[in-house]
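Working from the sequences, and respecting the hints, build out all of it.
When the sequence shown is numbered by numbering that gives the first Met the number 0, its final residue is 406 and no position is left out of the sequence of numbers.
In case anyone wonders, no lab produced these hints; they're calculated from the structure. These figures come from a predicted structure and were not determined experimentally. Don't take each hint at face value.
Stated by the list, open to error - Label pairs and their computed distance ranges (CB to CB):
| hint | residue 1 | residue 2 | range |
| --- | --- | --- | --- |
| 1 | G255 | A60 | 18 to 26 Å |
| 2 | H242 | A89 | 13 to 21 Å |
| 3 | G116 | L296 | 44 to 52 Å |
| 4 | K330 | Q38 | 47 to 55 Å |
| 5 | P370 | L275 | 34 to 42 Å |
| 6 | H192 | A60 | 43 to 51 Å |
| 7 | H228 | Q38 | 16 to 24 Å |
| 8 | D298 | E29 | 40 to 48 Å |
| 9 | H192 | I363 | 37 to 45 Å |
| 10 | V354 | H192 | 36 to 44 Å |
| 11 | S334 | P309 | 24 to 32 Å |
| 12 | H191 | P370 | 23 to 31 Å |
Said to hold, decoys possible - Below 35 Å or equal to it, Euclidean Cα-Cα: the simulated DSBU-like pairs (lysine-lysine) are:
| hint | residue 1 | residue 2 |
| --- | --- | --- |
| 13 | K375 | K114 |
| 14 | K330 | K375 |
| 15 | K95 | K35 |
| 16 | K330 | K343 |
No residue lacks a Cβ here, since even glycine has one placed at the ideal position from N, Cα and C.
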Amino acid sequence: MILEMRLISLFLSRKRLYYFFGGGIEIVKEQNILTKLAQIGNRLDPTGAISFPVYHSSTFAHPELGKSTGYDYSRSANPTRKVLEDSLAALEGGCKGFAFSSGLAAITTILSLFKSGDHFIVTEDLYGGTYRLFQQVFNEFGIEATFVDTTRPDQIEASICPNTKAVFCETPSNPLMKVADIRQICRLAQSHHLLTIVDNTFLSPYLQRPLQLGADIVVHSASKFIGGHNDVIAGLVAAREEHLAERLGFLQNALGAVLGPQDSWLLIRGLKTLGLRLECQQSNALRIAHWLENHPLVDQVFYPGLSAHPGYDLQLSQSSGFGAILSFSLKDHCSIPDILQKFKVISFAESLGGVESLITYPYIQTHADIPEEVRKRLGLNEYLLRISVGIEDCNDLIDDLNQALTF
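If you want it as structure tokens, here you go:
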């Protein structure tokens, strides 16, 4: 029996799954990610429910003194949340997943792994809320951050100090869509005994899996593509190794910013259609990017799916797609307020990743907390717009852009 268990462990480490039946071996082809997504939660509930139930219970009865069902109090563990967390870990290739009340709550918990005096190297053009968290919250607790162009490994290496503990990378970056080499960053970080943390919100595990490229921790604002319907606020984290997972599990329970069971169920539901949505969304995004490239009022288009994008080949090498977010800058004479008022299909709203297309003005919305001089240096200026492309008919989206950009 011990020998069989060792063999099973060996086989499970391969790309195919092997099961023992009556002393023989049955080879089962690894499932496609679309199948894995659609099957999340199925065959896990004892009632046979196809849609895993929402366990709206704050506490759970003990079978007897000193024994537990594995669920005691929902801050520590909840059956619905556990299905979500286990599914994320499996999709990302991590050992354990964790669900939080928001993306920023997830990042807050990750940063709580560190202590006063520790130093981070961080992507310079990243989500403004993450910048605010580093500069206006954790900076007060003595955690320092240096913001660099993480597409430049030389800048990362030049910023490493004796107290540097981690590299926090967002790729593609928000909103300039710069593509960093995850493998190279991980190798560099490992050579200096640093952790690599990757924000994978823009691509999701359907298109990109940083843990399999060497990252230690991956984080998502799950309100975006994973939820997919603009109806939930949530954050997800997966860890590659057990020692980090154990510490993150402690902090999740200790800090208490956990995701409730109803929102966990909404994310499970969203994950089931993640692949279908993203295939449609990124197909639309590529068509729109090409259309914008040829528009007389558009100065520049930022989308890694364009062959002229400097990160195009790198993105192909580390992911299976380019995502559904693109940014574009307008020429100086364009009137942003007038344009934003003219949209009839695309909504002028913050956030991204939902089935509905949204347009955002990063300069005064998502990145307003970044100092103006920094925004302008990075190209986050008054003429930049970001589109989260939805699943609408692409011709309707292009028609809407056309009429909004017509004067």
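Verification of the supplied hints:
Evaluation of the 18 to 26 Å hint for G255 and A60 yields a pass: the beta carbon distance comes to about 22 Å. As the Cβ distance of H242 to A89 is approximately 20 Å, the hint placing it in 13 to 21 Å holds. Checked against the hint of 44 to 52 Å, the C-beta distance between G116 and L296 comes to roughly 49 Å, which is consistent with it. Evaluation of the 47 to 55 Å hint for K330 and Q38 yields a pass: the beta carbon distance comes to about 49 Å.
Between P370 and L275 the CB atoms are about 40 Å apart, so this pair conforms to the stated range of 34 to 42 Å. Range check, H192 to A60: about 46 Å between beta-carbon atoms, so the 43 to 51 Å window is met. Look at H228 against Q38: about 20 Å separates their beta carbons, and that is inside 16 to 24 Å. Between D298 and E29, the C-beta spacing of about 45 Å keeps the proposed range 40 to 48 Å intact.
Checking the proposed 37 to 45 Å range against H192 and I363 shows it holds: the Cβ atoms sit about 40 Å from each other. For the pair V354 and H192, the supplied restraint of 36 to 44 Å holds, since their beta-carbon distance comes to about 43 Å. At about 30 Å, the CB distance of S334 to P309 agrees with the hint of 24 to 32 Å. Range check, H191 to P370: Cβ separation about 29 Å, and the 23 to 31 Å hint holds.
A hinted pair counts as satisfied when its Cα atoms are at most 35 Å apart, and K375 with K114 qualifies at roughly 32 Å. Among the hinted pairs, K330 with K375 is consistent with the structure: their alpha-carbon atoms are about 15 Å apart, no more than 35 Å. Among the hinted pairs, K95 with K35 is consistent with the structure: their alpha-carbon atoms are about 17 Å apart, no more than 35 Å. Taking the CA atoms of K330 and K343, the gap is about 22 Å. The hint holds against a cut of 35 Å.
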